[in-house]
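Given chain A's structure and the hints, the job is docking chains B, C and D with the ligands onto it.
These protein sequences, in sequence, are chains A, B, C and D.
Following the numbering used here from start to finish, the first sequence increments by one per residue and tops out at 282.
Following the numbering used here from start to finish, the second sequence increments by one per residue and tops out at 282.
Following the numbering used here from start to finish, the third sequence increments by one per residue and tops out at 562.
Following the numbering used here from start to finish, the fourth sequence increments by one per residue and tops out at 562.
For the record, the hints were derived by calculation from the structure and aren't laboratory data.
Treat the hints with care, since some could be wrong.
[As the list claims (entries may be wrong)] Derived pair list, reagent style SDA-like, types lysine to any residue, alpha-carbon separation capped at 25 Å:
#, chain 1, residue 1, chain 2, residue 2
1, C, K65, C, E83
2, D, K65, D, Y31
3, C, K372, C, K483
4, B, K271, A, D143
5, C, K530, C, F431
6, C, K235, A, I273
7, D, K522, C, K195
8, A, K261, B, E137
9, A, K271, C, K195
10, C, K411, A, L35
11, D, K559, C, F431
12, A, K202, D, I191
13, D, K59, D, I191
14, B, K270, D, K522
15, D, K540, C, E454
16, C, K22, C, K188
17, C, K485, C, L562
18, C, K18, C, E171
19, C, K392, C, K436
20, B, K278, D, L380
21, D, K557, C, D430
22, C, K395, A, E4
23, A, K271, C, K188
24, D, K107, D, E82
[Unchecked claim] Computed far set for chain C versus chain D, every beta-carbon distance over 10 Å:
#, residue
25, D100
26, K106
27, R307
28, E560
Please read these numbers as outputs of a predicted model, since none were measured by experiment.
Think of the CB as a built atom: it goes at the ideal place given N, C-alpha and C, for glycine as much as any other residue.
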Amino acid sequence: MTFEVRDNIDIAWCPGCGNFPIRKALIQALEEMNLEQKDVVLVSGIGQAAKMPQYLNSNFFNGLHGRAMAVGFGVKSTNPDLKVIVEGGDGDMYGEGGNHFLHNIRRNIDVAHLVHNNMVYGLTKGQASPTSQLGFETPLQVDGVILKPLNPIALALSAGATFVARAFSSDMEKTKEIIKKAINHKGYALVDIFQPCVSFNKINTNKWYKDNSYYLDDNYDNTSLSNAYEKALEKDKFPLGVIYKSDEGNSYTDRHNVYQKENTPVHKRKKDIKSVNKLINS
Amino acid sequence: MTFEVRDNIDIAWCPGCGNFPIRKALIQALEEMNLEQKDVVLVSGIGQAAKMPQYLNSNFFNGLHGRAMAVGFGVKSTNPDLKVIVEGGDGDMYGEGGNHFLHNIRRNIDVAHLVHNNMVYGLTKGQASPTSQLGFETPLQVDGVILKPLNPIALALSAGATFVARAFSSDMEKTKEIIKKAINHKGYALVDIFQPCVSFNKINTNKWYKDNSYYLDDNYDNTSLSNAYEKALEKDKFPLGVIYKSDEGNSYTDRHNVYQKENTPVHKRKKDIKSVNKLINS
Amino acid sequence: MGKTVNIVLSGEAGEGLKTIEKLITDLVSKYYYYFATKEVMSRVRGGNNTTEIRISEDKVYAFQKNIDVLFLLNDNALYRLEERINEKTVIFGSEKYKDDKIIKNKKSKLEIIDLDKLAKEAGNKLFKNTIIFGFLLGMMELEREEGNEKIKEFFNDKKEDIIDKNIDALEMGYKKGENHTDLFNIKKGNIENCKNISGTEAVGIGALAGGCNFVGSYPMSPATGVLTYLAAKGKEFDVLVEQAEDEIAALNMVIGSWYTGGRGLATTSGGGFALMQEAVSLSGVSETPCVVHIAQRPGPATGMPTRMEQGDLNLTVYAGHGEFPRIIVAPGTLKDGIELTQKAFYLADKYQVPAFILTDQFYVDSNSQMEKFELDEKYLEQNIVETDEDYKRYKITEDGISPRGIPGYGKGVVKGDSHEHTEEGLGTEDFNIRRKMNEKRMRKTVKILEDYIEPELIGDKDYKNLLVGWGSTYGVLSEYVNKSKDSKTSFLNIKQLYPLSENLKEYFEKAEKVLVVENNFKGQLANLLKLELGIKVDEKVLKYSGEPFSIEEIESKLKEVL
Amino acid sequence: MGKTVNIVLSGEAGEGLKTIEKLITDLVSKYYYYFATKEVMSRVRGGNNTTEIRISEDKVYAFQKNIDVLFLLNDNALYRLEERINEKTVIFGSEKYKDDKIIKNKKSKLEIIDLDKLAKEAGNKLFKNTIIFGFLLGMMELEREEGNEKIKEFFNDKKEDIIDKNIDALEMGYKKGENHTDLFNIKKGNIENCKNISGTEAVGIGALAGGCNFVGSYPMSPATGVLTYLAAKGKEFDVLVEQAEDEIAALNMVIGSWYTGGRGLATTSGGGFALMQEAVSLSGVSETPCVVHIAQRPGPATGMPTRMEQGDLNLTVYAGHGEFPRIIVAPGTLKDGIELTQKAFYLADKYQVPAFILTDQFYVDSNSQMEKFELDEKYLEQNIVETDEDYKRYKITEDGISPRGIPGYGKGVVKGDSHEHTEEGLGTEDFNIRRKMNEKRMRKTVKILEDYIEPELIGDKDYKNLLVGWGSTYGVLSEYVNKSKDSKTSFLNIKQLYPLSENLKEYFEKAEKVLVVENNFKGQLANLLKLELGIKVDEKVLKYSGEPFSIEEIESKLKEVL
Ligand SMILES: Cc1ncc(C[n+]2csc(CCOP(=O)(O)OP(=O)(O)O)c2C)c(N)n1
Ligand SMILES: Cc1ncc(C[n+]2csc(CCOP(=O)(O)OP(=O)(O)O)c2C)c(N)n1
Ligand code: SF4
Ligand code: SF4
Ligand SMILES: [Mg+2]
Ligand SMILES: [Mg+2]
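Excised from the complex, chain A in its bound form (with noise of 0.2 Å):
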């Protein structure tokens, strides 16, 4: 039982994309703990990066574009028995997304939120994410980005994210561990991933997301919220890692009172008409 795909498939991402190790990295992490294929959902929504559940062999639902994290909270909160991954591009997420990842951060949906950071639309054909860097030009934005670049990290600290994390493609080990992590969190996890686009994005380029990142060090407390601030404020490199990580709370799916009521997924529980029969007979 493995998560790769029979060899015969074709992978529609373009050669050198930093979709291909970040799918990699994803069905290791997967096989090292032990999941089974029919324990994991992977929900996605529609962008390039969204297509990575086609590229891994378990359940998986892809929905829309921009709707991922509803559809996961819909699949996780009916079976939590569930392993469930969001994924999706920054476009997908951040933008079409954007309210549905704000408002999942607050309720700690115990789904591990992975989020391909190419700073660019690239099923589309290259117009700016919300992620793209103010000046950044595409045949829509002609004149260059205008707007601020939202910066995931320090939006998802302020909508109560309970992890947040970031992650480079390239360093296949590193965003393996990091994903596993995010996997192992209960309650909300984001993970960011840096993730170079060779065909649309000629500026943040693989060297350039080397060159403008760092990871935390191993004595790097990220439970605390003012670290983690600092770190998500930090202008001249991004942090890679761990950035925040807080066991607060419980879950979602802890707290809502069908489940403090019994653990059974409310799909398995057992309906029975005459207790209905009694509202109207009675």
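Okay, now just chains B, C and D with the ligands, sitting in the frame of chain A:
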């Protein structure tokens, strides 16, 4: 010329509602700023707070629940000569409208964004709003709210807002002054206004708001982002006043290429069919 | 038809009309038939709202325009009622109405009663409602003691002192009411085996009966009631209820839940449903079932949030981009509210399509007696298979239905996809597969029609004129037919609006004249009948003011055209 | 009909097919008629895409299935083309294809050409495209010099060295091509007064011609081209273009702009348009105009992002909750793309309604020659009034049109409202006002029909069979009629799909047989004709595989049914 409405109008708010003093504060702010009704546009969504424009005599566009910021963007960017105020409730602006909240901050569009924060859905009769506090019981959240309350101040800062303030409806004078500053600010300006809802929020009452807030003192330096974050994250009491103000960047319309070319509002520029004919005939 | 008295209470939002209604209908429903409905403004306090309680010797279902007995709860309670009073109306109101022009013009009878003063005498202005309750009991010659019991029940969490004072207030009203027993000369009966419920409760119960275990919704009038109903029942009935951040999230959550094996519901109104269109399409292509309750109100856009209309049938029939099957049901009676909602879950599950329950503000906000009945357990059945290792989610089958697996149940994996896909569930750009998958999905309509929910014919089977309606016009049209004793005119209530069965044609072929009655501008059902079944509609009787049809209006309109 | 050669280039995404297409069509369009279209996968690199360039002595508009000359740009370029080659096809490809089964089975002729090797010889694999360009020139016996000029123009920002090398590569290809002039025995003409444009450009130019000065949109295939076209022209033509955070924002921005006096456009596809439904309704009730370009692709949901379908007509006709008038146009020709888009702005403004331009992937991604013409300035007219102090935004008028003011222009204030409202623009709950406002809005349809955009009849006026189509089927149906010389069959292209004019009936009354041809499953136009005009359609010719109709397919399908 006054922004006050003719006296026979029936204002549909509950007696004692915090919206009344906000209305007064807004009218006085506009009048003291010597603005003309014809040059002011109030844009709102749906909710009790969003009824505001109906009770003021000026241009308005009272659109859809959650979408006022997007309409406001369309208004301001089409005619930067207009003063645009976008107003509504916490559900309207941070719930349904959360994505437009985020991304219009990134645009730094020059509008004053007044959000009545009563920590509840008023018009729909008392469900939780994004700012409802943990444990708040409602007919829908029967065992109390389990989602973390949204922190609009911290979120606005993280999204890059250039003006972030908080007011309290019961202090009419101070609220008025803060509103004036927001209107005068060249760029996006958030004023989150604590507003008791006497009908559906029996927890966060006028007294509660009073007991749980304090005014920033005069020597608070609101040009420092780290000061602002500190204030935003305070847990004991909520600070009131202008928490952050930056003049770092120009507003959206200053930076957009059509306005770099010239100042005339786009809709006033003369269209000439000849130039279009050239696209066909050359 | 037996006699009916139409009692209307007029007051402000927040003045307690609901309390009086609840108290009185609980009591009268033991002895009389009743129908209660309200029309409220989109505000929390002030303005003017009314509650109508029709009490009758026979079953009544309709909104009645003309008021027999009117209570004006404050000095601003009459201005909207000019059209509803006449020389037969008896009005109870304060001194202030003594010289009221409207009352004079209409030659109504005013009985002065100073409710505020009485309430103050009783100790608190909040006693006003209890006084009116007492008044009504007196007028109806019901037992004081029964009233007292109701009071105790209602205020059971209050201090004894409060209960006592309320009982005194009731007595105060009772005495006044006793002087007006002439206003209520209705034969007392014994109504058994009935349950008072509202349209909202009917849909809520139906959801539970359909095995609903997940609700993702965003509040919106007039659909919020179903949401709070299920929230209240959630823990007991194992329903996870979540308030979504917006309607788009709501339906995507619900789809996520169905994908996982849940049975999810979203409840909303037209504007919220408009936001769900893309997700409806997702349900269509991914063949993930979903159920949406749409409580209509007048549009476009915000329109009139607390009023009624049947303007969103078209939106529902054509919801979502692209082409895929769907099911639409519309309850007319309270029982239908339960049964059709229950079936919506069952059919969505069975055919893996979106199913919609179309109601409207008038339907959800009215209440009446419903005869008790036993629900059919069959509709809890789930069509979920245990997957094997090479499970294919979208297997092409003869009837278009692919056995549906869910994650974690069986050895296989379940791939749900919004792209056009292969049988396995992987995105494809193959034109042939596309064509076949499209045809497979569309084929399900044939099967869906085998389960077609038959319409109800009210009136004689040998009719000349056929009135046709859907949803909440059931009340007024059935009352009209029952009352008119004109055996030439019958009423066909269509319960399943989409897809429409060819069998319906029979009903139309028999008719000399077909009249479709709807609360919208275009005659949306009439158009659907024309398009789908080629039916020629002779007359559309339409109303689009935000108000339901009254029984008088239907009588006079039909007199014109029949 | 004169002779036609269908040249198809097959390669990977990102391999430069676009460049060859551009170079060659620029040149041939001076001497021949051409039609170029592409079909691409939803990916950025790899896979298999093709570009078809039909070159003809006569006007051609349609997708042709059978390939005359095929270039396989790599070793993986044939597998999808089995159905498109035959014994007349000449294929240029590498050694690898020598024993190819498909080619053998189809008895096509293979000419070995190792493009990669040649390119390497020329100095770089990027020269492959130039070699093919040269080859085609040689084959067509066009002047080398003209090719060289094109190369210089195209690479004008490159170093001279690069240009020289490209010219050498061109020569290399030219020489090879010269050996195959037999494949191209078409009479050279002189095409004058024409402009090569694509459907995307047509809509973009139309927007500029309609006075568009604001664009709020979110990228979505296949509608993004119009967005980037206008972004490129923005500064010169004073169009403020903004990428919205989502489609809901997009249309609300556009509505905000129109409210302020702007003329805004949103461009999207079905899924994005599904998200705009609530905002469409806002445009309806607030009588704020808006214009939306919907470039259709196969649904439901994500469906096939880069393929074609005409599946969203219903969604557009019934878009938004509640009832309100709207205008829908669908261009068939390139000129229509310009003119109908221009008129959409004009009509939206004049009638204060949402106006929709319905195209599809095949339309926007194809290009051809368009005869030059002068635009009508009249459509830039704006119906905006200067307000006076007691200006009322929603004045009830006989024709339903209330003079439209904008903020800051005049002494008055402008109150735009999504609630049902008074004439002043304030929310109301008055049933009478509601009824009147509703009727006022609906009344506008009568005026809109006075401006009805007439359909185009292609073929003999005295027909027996009437083919009916809309949008991009124009090409194939007009080519069919022009070619078939069967004077009994004509083609009616309906340009304005909603509202439909009663005058259209005339066309149908004359016909013995009516055939509606559409790229969808249900026959959405056929249904609309039935519903709105009572037209009996004898045959629906439908295709819903994601591919456009080919001329051969139409010929054979019509042979069956005519
Ligand atoms: C509702 C909707 N709007 C727009 C699109 C078109 N679309 C598909 S992917 C995409 C953005 C892709 O960017 P991103 O999410 O950053 O993913 P990437 O391709 O860069 O990995 C867009 C706009 C869509 N499919 N659905
Ligand atoms: C699309 C849509 N969804 C839901 C509603 C119903 N609705 C109207 S106001 C409101 C929330 C009101 O809360 P808030 O924005 O906090 O304003 P308040 O009334 O508290 O001032 C909701 C859910 C709507 N009008 N439109
Ligand atoms: S376009 Fe960019 S993100 Fe998409 S596959 Fe290619 S390189 Fe990767
Ligand atoms: S419900 Fe609350 S917010 Fe609304 S008017 Fe009443 S007090 Fe104010
Ligand atoms: Mg991206
Ligand atoms: Mg609120």
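These are the hints, each one checked on the structure:
1. C:K65 - C:E83: 8 Å, holds
2. D:K65 - D:Y31: Within the cut-off at roughly 24 Å; holds.
3. C:K372 - C:K483: 24 Å, holds
4. B:K271 - A:D143: With Cα atoms ~23 Å apart, K271 of chain B and D143 of chain A stay inside 25 Å; holds.
5. C:K530 - C:F431: Given that 25 Å is the threshold and the Cα spacing comes to 34 Å, the pair is violated.
6. C:K235 - A:I273: 16 Å, holds
7. D:K522 - C:K195: 45 Å, violated
8. A:K261 - B:E137: Holds. K261 of chain A to E137 of chain B sits at ~18 Å (cutoff 25 Å).
9. A:K271 - C:K195: Judged against 25 Å, a Cα distance of about 23 Å means the pair holds.
10. C:K411 - A:L35: 13 Å, holds
11. D:K559 - C:F431: With a Cα-Cα distance of about 23 Å, the restraint between K559 of chain D and F431 of chain C holds, given a limit of 25 Å.
12. A:K202 - D:I191: Roughly 41 Å separates the two Cα atoms, so the pair is violated.
13. D:K59 - D:I191: 11 Å, holds
14. B:K270 - D:K522: The hint is violated at about 45 Å.
15. D:K540 - C:E454: Violated - the C-alpha atoms of E454 of chain C and K540 of chain D are around 30 Å apart, more than 25 Å.
16. C:K22 - C:K188: 20 Å, holds
17. C:K485 - C:L562: 14 Å, holds
18. C:K18 - C:E171: Between K18 of chain C and E171 of chain C the Cα gap is close to 20 Å, so the pair holds against 25 Å.
19. C:K392 - C:K436: Given pair K392 of chain C, K436 of chain C holds - Cα atoms ~15 Å apart, limit 25 Å.
20. B:K278 - D:L380: 16 Å, holds
21. D:K557 - C:D430: 22 Å, holds
22. C:K395 - A:E4: 23 Å, holds
23. A:K271 - C:K188: Violated, because 41 Å separates the two Cα atoms, which is more than 25 Å.
24. D:K107 - D:E82: Roughly 11 Å separates the two Cα atoms, so the pair holds.
25. D100: It holds; D100 of chain C is separated from chain D by about 20 Å at its closest Cβ, greater than 10 Å.
26. K106: Holds, since 18 Å exceeds 10 Å.
27. R307: 7 Å, violated
28. E560: 18 Å, holds
Checked against the numbered hints above, the structure violates hints 5, 7, 12, 14, 15, 23 and 27; every other hint is satisfied.
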